[in-house]
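S.K.: Listed below are the residues making up each chain.
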Amino acid sequence: DAGVIQSPRHEVTEMGQEVTLRCKPISGHDYLFWYRQTMMRGLELLIYFNNNVPIDDSGMPEDRFSAKMPNASFSTLKIQPSEPRDSAVYFCASSFTGSNEKLFFGSGTQLSVL
Amino acid sequence: DAKTTQPPSMDCAEGRAANLPCNHSTISGNEYVYWYRQIHSQGPQYIIHGLKNNETNEMASLIITEDRKSSTLILPHATLRDTAVYYCIAQGAQKLVFGQGTRLTINP
Chain A
1 DAGVIQSPRH EVTEMGQEVT LRCKPISGHD YLFWYRQTMM RGLELLIYFN
51 NNVPIDDSGM PEDRFSAKMP NASFSTLKIQ PSEPRDSAVY FCASSFTGSN
101 EKLFFGSGTQ LSVL
Chain B
1 DAKTTQPPSM DCAEGRAANL PCNHSTISGN EYVYWYRQIH SQGPQYIIHG
51 LKNNETNEMA SLIITEDRKS STLILPHATL RDTAVYYCIA QGAQKLVFGQ
101 GTRLTINP
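Residue numbers (the numbering used here), protein chains in the order written: chain A, 1 to 114; chain B, 1 to 108.
Okay, chain A solo, but in the shape it has when bound:
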């Protein structure tokens, strides 16, 4: 298996633009997580899904952020409109029921909002 695949690896955009980050979890995994990492705040859990259904989105910073999981093999995290303070590395992770929270992380998307 190729592991969790995220795209793009790097994204540079201007303030006010829409940004879409993509994630393909490991096949067979039924949990998917979106994390954000900054120097100031460390790794923050934004939202997670179970069987494509959002379970906890309490970490989503504000209405500008939205996440979807239309099927078991694909998820998106969208920021609209983007702001400079959204600059961070965004990680996607997946796991399966019964794995005792053994998460597999992707390589992340480095987002820079100018």
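Keep in mind that the hints are not guaranteed to be accurate.
Stated by the list, open to error - Incomplete in silico selection of chain A near chain B, CB under 10 Å:
no., residue
1, VAL4
2, GLN6
3, GLU44
4, ASN50
5, ASP56
6, PHE74
7, PHE91
8, GLU101
9, GLY108
What the hints contain is simulated information worked out from the structure, not anything from laboratory work. Glycine residues also receive a C-beta, built at the ideal position from the N, C-alpha and C atoms.
Assemble chain B onto chain A, guided by the hints.
M.R.: Same frame as chain A, but now just chain B:
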């Protein structure tokens, strides 16, 4: 979720055992102890987890005190590639919440 306390940084000589402590004095009976590490610019990587018994795998050993209020991650023969931030997490829910971790530097 139990709060964990880790030293912000540690150093270890290459080839020696690296012992990373974690305090989780408020851990409850159904909460596991997890360890992850993050090598620079990569996503976090699972290392090991345990409930109350000591655990060992190909990467490391986890020693949990009998009262479960603290634990130690042991990397038996540290290499330069083990330089990373190590996160200790104590909780039982599906979602994992990461703290600030310990920045471990392995010196040649």
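S.K.: With reference to the structure, classify each hint as holding or not holding.
M.R.: Okay, the hints, checked on the actual structure:
no., hint, verdict
1, VAL4, "8 Å, holds"
2, GLN6, "9 Å, holds"
3, GLU44, "8 Å, holds"
4, ASN50, "7 Å, holds"
5, ASP56, "6 Å, holds"
6, PHE74, "18 Å, violated"
7, PHE91, "5 Å, holds"
8, GLU101, "5 Å, holds"
9, GLY108, "6 Å, holds"
In this structure, the one hint that does not hold is number 6.
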